[in-house]
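Here's the letter readout for the chains.
Number of protein chains: 2
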Amino acid sequence: MAESNPANTRDAEYLAKLQDYYANWKSIPSYAALCEVFGIASKSWVKAILDRLEKVGFVERTPDGMWIPTRQFFARPLSDVSVPAGMPVMVNDTHTDYFVIDDMLIDAPSKTTLIPVKGDSMLGAGIHDGDVAVIEKRNLANVGDIVVAIVDGEFTLKTLDKERGKFILRPENQAYPVIRPEGTLEIFGVLIGLVRKYKH
Amino acid sequence: MAESNPANTRDAEYLAKLQDYYANWKSIPSYAALCEVFGIASKSWVKAILDRLEKVGFVERTPDGMWIPTRQFFARPLSDVSVPAGMPVMVNDTHTDYFVIDDMLIDAPSKTTLIPVKGDSMLGAGIHDGDVAVIEKRNLANVGDIVVAIVDGEFTLKTLDKERGKFILRPENQAYPVIRPEGTLEIFGVLIGLVRKYKH
DNA sequence: TTGACATCAGAACGTTCGTTCTTTAGGATG
DNA sequence: CATCCTAAAGAACGAACGTTCTGATGTCAA
Chain A
975 MAESNPANTR DAEYLAKLQD YYANWKSIPS YAALCEVFGI ASKSWVKAIL
1025 DRLEKVGFVE RTPDGMWIPT RQFFARPLSD VSVPAGMPVM VNDTHTDYFV
1075 IDDMLIDAPS KTTLIPVKGD SMLGAGIHDG DVAVIEKRNL ANVGDIVVAI
1125 VDGEFTLKTL DKERGKFILR PENQAYPVIR PEGTLEIFGV LIGLVRKYKH
Chain B
975 MAESNPANTR DAEYLAKLQD YYANWKSIPS YAALCEVFGI ASKSWVKAIL
1025 DRLEKVGFVE RTPDGMWIPT RQFFARPLSD VSVPAGMPVM VNDTHTDYFV
1075 IDDMLIDAPS KTTLIPVKGD SMLGAGIHDG DVAVIEKRNL ANVGDIVVAI
1125 VDGEFTLKTL DKERGKFILR PENQAYPVIR PEGTLEIFGV LIGLVRKYKH
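Residue numbers (my numbering), protein chains in the order written: chain A, 975 to 1174; chain B, 975 to 1174.
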C-alpha cells in the first residue's frame, strides 16, 4: 500500500474541502459544483486537482468514470502502533493503514443484520452479554461457524458442529448443554463480526 | 425515530440493491447506471423508484439535484430478535430499531484511534488476537478501565488496577504476569469499544 | 370483460457534464 | 529581463444526463 500525501499543501487543502463536502453530502459532486467547493472558477483545474488526488490514492473512478473516494479518503488512521496484549514488545512503525469500521464488518448491507447478544453461553468464544453480533443472513453454514440457528422456533447463537453425522449446536461455556436438534435445524445466519461498547 | 419502510417489497429490493451498490462504490450513480443495478431498462422508472425512496426517507437530493443517501440509508436493523446466547427463549417481535455502527462506537472522531490487538493476554476479557480495539486517546483513566498504556516506551493493552497504592497493569490471562511499572505509568488511551471480524 | 392500477419500456429534448485546448497572471530562476 | 513553471480562467464541443410523455404489459377486483 503506497503511503502518499497530497503532493503539495494546496492539494491538501483541496482534499480537506472535498472531505468536508463528502462528510456532509456523502457524494462527490460535479466539476461545476466542485468549483464552488474549492473556491475556484475553472472546471479544468478542478479536474487537474482530482487527477492529482487520484495519483496519490485519495479518489478513484468507477468504470462509468464517476469519481469516488477511496479507503484512504476516509482518514481514520488504523494506528501505526500494534498493541501487544501479550508481552510488551517494541513499537514497530512505518506502516499506516486506513480503516472504516462499517466497511470492515459489512460486505452486503442488505443481507446483514445486527443482533444484541443476551446471556453468556458463548463466553468461551469471547462473546459477552450485551455485545452486538453482526449477522449475515443465509441458511447454509460450515461446521465450526458460529451461527444464529432457529431451534423449535427459537433463536440462539451457537457454534455449529457435527456429531455422529448429525448437526449439533455447541455453546462455548461448559455451564450450558449442547443442543441436539430433533427436528430440522434451520440456520438464520452466520456470525461475521462482533461489536462491543464499553461504558464509562 | 420515524419508522418508514419502503412502501412495497419491490421497492425494498431496489433499496437493497442500491445499498449494496453504495457499499461498493460510495456513490449513487446515474439513472442509466442504476438501470443495470436494478435490472430494469427504463430510466424514468428508476427515477420513479428513487422518488418513492425519497418519500420514505432513504435518499434525498443535494441543492444541485444530486441523489444522496440519508442517515436512514446507512442504519442497519437492530434485529427485533434478541439472540439468547444462553438458553433459547421465545422471539419477541414487533419492535424494530436502527443503528449505525460508527455512531455507536465513536463519540469523538478526532480523539479516537483504532488499534489491532496482538496476543492473547486479555483473553479473559473477551479480547482476542486480531480484534480491533477502539481507543479514545486521553491520559487519565479509572481503576477497572482497560487501557493502552505506555510502559518503558512500549504499548500494551491491560486492565488498570491498584495494588498497595500503586497503579498496576493486570492482564486477563493467568499465563501472563502482572506488570508493576517502576517508573511512571503513562496512559495512551482508554478502551471504549471492540470490533471483531470473523473470516470465512 | 372491463376498467383501474402498478410496473415498466422507449423516445424526445433541452440542459448539463466532462474533456480538451488555448490563454492569462504571477512568482521564481537564471 | 527573458523565460520557465505553477495555478488558474475561459471557451468550445460532443456525449451523457435528467426529465417528461406516451405506450405496453400484467394483474386484480368489480
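Everything labelled a hint here was simulated from the structure, so no lab data went into it. It is possible that part of the hints are untrue.
No copy labels: a pair is met if it fits in one copy or bridges any two.
Simulated pairs of lysine-lysine, DSS-like, Cα-Cα distance not exceeding 25 Å [unchecked claim]:
| hint | residue 1 | residue 2 |
| --- | --- | --- |
| 1 | Lys991 | Lys1171 |
| 2 | Lys1173 | Lys1029 |
| 3 | Lys1171 | Lys1029 |
| 4 | Lys1017 | Lys1029 |
Computed from a predicted model, the values in this text were never measured in an experiment.
| field | Identical-chain pair category, Lys1017 with Lys1029, by Cα at 25 Å | value | Cα proximity of Lys1017 and Lys1029: one copy only (19 Å, versus 33 Å across).
| message | With identical chains, the pair Lys991 and Lys1171 could be close in the same copy or across copies; at 25 Å between alpha carbons, which is it: within, between, both, or neither? | response | within (23 Å within a copy, 30 Å between copies)
| query | Is it within, between, both, or neither for Lys1171 and Lys1029, if the alpha carbons may be no more than 25 Å apart? | reply | neither (35 Å within a copy, 31 Å between copies)
| Checking Lys1173 and Lys1029: alpha-carbon separation at most 25 Å within a copy, between copies, both or neither? | Neither: 38 Å inside a chain and 31 Å across chains, both beyond 25 Å.
Against the hints set out earlier in the document, violations occur for numbers 2 and 3.
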